[in-house]
Amino acid sequence: MSLPSSTELSTQTLEALAGIVGPQWLRTGEEAWKRGTSTTSVSRRVPAVVFPASTREIVALVELANARGLALYPVSTGRNWGYGCGAPVRDDCVVVDLSRMNRIVSLDAELGLVTVQPGVTQGMLSQYLREHQLPFLVPVTGAGPDCSLLGNALERGYGITPHADHFGAITRLEAVLPDGSLYRSAHGDLGGQRVDQAFKWGVGPYLDGLFSQSNLGIVTELTFVLARKPEHLEAFFFWVRDDAGLEDAVGAIRETLRDLGGVVGAINLLNPQRVLSMVAPYPRDRVPRGDVLSAELLAELTSRHGVAAWTGTGGLYGTREVVRAARSTIRRRLGRVARRLMFLGADRARLLSQWLPRLPLGFGAKLAPQARTLSNVMSVLEGVPTQMALPLAYWKSGRRPPEGAPMNPHADGCGLLWTSPLVPMVPELVRTYVRTVREVTARHRMEPLITLTSLSDRCFDSSIPLLFDREDPDEAARALACQQALLDTCRREGFLPYRVGTHTMRWLAEQAPQAWRLTENLKRALDPRQVLAPERYSGL
Numbered sequence: 001m002s003l004p005s006s007t008e009l010s011t012q013t014l015e016a017l018a019g020i021v022g023p024q025w026l027r028t029g030e031e032a033w034k035r036g037t038s039t040t041s042v043s044r045r046v047p048a049v050v051f052p053a054s055t056r057e058i059v060a061l062v063e064l065a066n067a068r069g070l071a072l073y074p075v076s077t078g079r080n081w082g083y084g085c086g087a088p089v090r091d092d093c094v095v096v097d098l099s100r101m102n103r104i105v106s107l108d109a110e111l112g113l114v115t116v117q118p119g120v121t122q123g124m125l126s127q128y129l130r131e132h133q134l135p136f137l138v139p140v141t142g143a144g145p146d147c148s149l150l151g152n153a154l155e156r157g158y159g160i161t162p163h164a165d166h167f168g169a170i171t172r173l174e175a176v177l178p179d180g181s182l183y184r185s186a187h188g189d190l191g192g193q194r195v196d197q198a199f200k201w202g203v204g205p206y207l208d209g210l211f212s213q214s215n216l217g218i219v220t221e222l223t224f225v226l227a228r229k230p231e232h233l234e235a236f237f238f239w240v241r242d243d244a245g246l247e248d249a250v251g252a253i254r255e256t257l258r259d260l261g262g263v264v265g266a267i268n269l270l271n272p273q274r275v276l277s278m279v280a281p282y283p284r285d286r287v288p289r290g291d292v293l294s295a296e297l298l299a300e301l302t303s304r305h306g307v308a309a310w311t312g313t314g315g316l317y318g319t320r321e322v323v324r325a326a327r328s329t330i331r332r333r334l335g336r337v338a339r340r341l342m343f344l345g346a347d348r349a350r351l352l353s354q355w356l357p358r359l360p361l362g363f364g365a366k367l368a369p370q371a372r373t374l375s376n377v378m379s380v381l382e383g384v385p386t387q388m389a390l391p392l393a394y395w396k397s398g399r400r401p402p403e404g405a406p407m408n409p410h411a412d413g414c415g416l417l418w419t420s421p422l423v424p425m426v427p428e429l430v431r432t433y434v435r436t437v438r439e440v441t442a443r444h445r446m447e448p449l450i451t452l453t454s455l456s457d458r459c460f461d462s463s464i465p466l467l468f469d470r471e472d473p474d475e476a477a478r479a480l481a482c483q484q485a486l487l488d489t490c491r492r493e494g495f496l497p498y499r500v501g502t503h504t505m506r507w508l509a510e511q512a513p514q515a516w517r518l519t520e521n522l523k524r525a526l527d528p529r530q531v532l533a534p535e536r537y538s539g540l
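With the UniProt record's numbering applied, the sequence shown closes on residue 540, and no number is skipped along the way.
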């Protein structure tokens, strides 16, 4: 059965969609068109958006799609910033927005297990934990308080709190399959609800993984493990002496993670441009349009704001005795590569953020951004959702909302593309990777904002945000070309992405056609009419 070739849906189809979700939960026209846009500047034609409120309504939508040859594209909240937001991979998909399904189904405080629907955000869970005075950390990310927990976990996102691997924390899920039937694990079918929630792997083939980074079902709820608030938490910060110290810093980070697994959540390492994007406005009046910070201007800004060649941060979680011992290990490991090393508890961080801005003679104004950043980092380590990372999307434009106002990079017109290569934690390979990013971004006149986040003591994920003016077609084209060059060059060097945006799914399929053969076979068997998210993480 062929799919519709334009954005026009028949009156009968629109009436059928409205009959399932209610007329007030069907969007067409301009509202649907907006859902096909994103921070990437790549747009897709979207004929309609529906907002189901239950699994029953999702089943009805899937059955209708099979009967009428529709393609559905499910999103949790549509806030996948820099990777396509809520836009489909291909044109003419009906977007299924699951944000109305925002119930925290259950929370087992004894075992630390929470079950959520797709629309539950970081902020909602945080509020629930506060209201019920429960001692757990929210698995926060830089995407902000209004982003879906389920969506991030299924996309295999990560954070820097103790359960950094968010998909790894999932213990069970339920999904609607492309034929409208329901999936749950064998343990769930056997009636062992608490066992099903407590034990990730179930019995028999592990099938839950088929619904991560895939198009084989619509996940309607999942259970994941929450990290408990520790007796004591400290942040640590270190500043690498110069760029030549990168290799030694990587080796020291690897040793620290090996020594302190389970005590250190994750370690971030940021280059100067990335830190400047957090503590200083972009000097637009001193950078020619379409250009980047010169070496001289970069040196001036880093000196003025006290930014090092590489800045590292992480968190220590445990009893006071454990954290005290870990502090000694970090001093021994990281102290030899850092020009400065600092430990900061929550109370001290908040005190600094309150008092540093009040210093006289201009010192307060100079130190206020750094103080805010320290306080925000501490909040993230405490599992408190913040907008700390969102100003990045507004850095080059300078057009960010007022302090404290909600940020929505898509709605606010930001141009943002994320590229996320994996980098083995080998000092020489990290140097090769950094050199590659610098060379590619320089050729395309894009700022090289580099973060390296430890996923283990073996591997970093590096997140590279490409910032551009979405209203400038030439700049948007240059950003897309830069991302493509990064993907191609990093692939040749062996630095492969852990996830990709909707507009680069085809590139992924083209690069490894053999690897997708099993996925294609599964898709044909489960979804012969291609009704669920066609071309998303699948072969050509």
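Just so you know, the hints here were simulated from the structure itself, not pulled from any lab data.
Treat the hints loosely; a few may be bogus.
Okay, the calculated beta carbon distance ranges per label pair [as the list claims (entries may be wrong)]:
(1) Tyr206 <-> Leu134: 35 to 45 Å
(2) Ala280 <-> Gly413: 39 to 49 Å
(3) Glu15 <-> Arg492: 29 to 39 Å
(4) Leu351 <-> Glu247: 30 to 40 Å
(5) Tyr206 <-> Gly413: 51 to 61 Å
(6) Tyr206 <-> Pro135: 23 to 33 Å
No farther apart than 20 Å at their CA atoms in a straight line, the calculated lysine to aspartate or glutamate pairs in the EDC-like style are these [stated by the list, open to error]:
(7) Lys34 <-> Glu321
(8) Lys229 <-> Asp165
(9) Lys34 <-> Asp472
(10) Lys229 <-> Glu382
(11) Lys34 <-> Asp469
(12) Lys229 <-> Asp91
(13) Lys34 <-> Glu63
(14) Lys34 <-> Asp189
(15) Lys229 <-> Glu131
(16) Lys34 <-> Glu110
(17) Lys34 <-> Asp179
(18) Lys34 <-> Glu382
(19) Lys200 <-> Asp108
(20) Lys200 <-> Asp189
(21) Lys229 <-> Asp347
(22) Lys200 <-> Asp165
Don't be surprised by glycine CBs; every beta carbon is placed ideally from N, CA and C.
To see whether the hints hold, each was checked on the structure:
no., hint, verdict
1, Tyr206 <-> Leu134: 35 to 45 Å, "violated (29 Å)"
2, Ala280 <-> Gly413: 39 to 49 Å, "violated (22 Å)"
3, Glu15 <-> Arg492: 29 to 39 Å, "violated (52 Å)"
4, Leu351 <-> Glu247: 30 to 40 Å, "holds (36 Å)"
5, Tyr206 <-> Gly413: 51 to 61 Å, "violated (42 Å)"
6, Tyr206 <-> Pro135: 23 to 33 Å, "holds (30 Å)"
7, Lys34 <-> Glu321, "violated (53 Å)"
8, Lys229 <-> Asp165, "holds (17 Å)"
9, Lys34 <-> Asp472, "holds (18 Å)"
10, Lys229 <-> Glu382, "holds (8 Å)"
11, Lys34 <-> Asp469, "holds (18 Å)"
12, Lys229 <-> Asp91, "violated (45 Å)"
13, Lys34 <-> Glu63, "violated (26 Å)"
14, Lys34 <-> Asp189, "violated (40 Å)"
15, Lys229 <-> Glu131, "holds (16 Å)"
16, Lys34 <-> Glu110, "violated (44 Å)"
17, Lys34 <-> Asp179, "violated (29 Å)"
18, Lys34 <-> Glu382, "violated (35 Å)"
19, Lys200 <-> Asp108, "holds (15 Å)"
20, Lys200 <-> Asp189, "holds (15 Å)"
21, Lys229 <-> Asp347, "holds (16 Å)"
22, Lys200 <-> Asp165, "holds (14 Å)"
When each numbered hint is compared with the structure, violations occur for hints 1, 2, 3, 5, 7, 12, 13, 14, 16, 17, 18.
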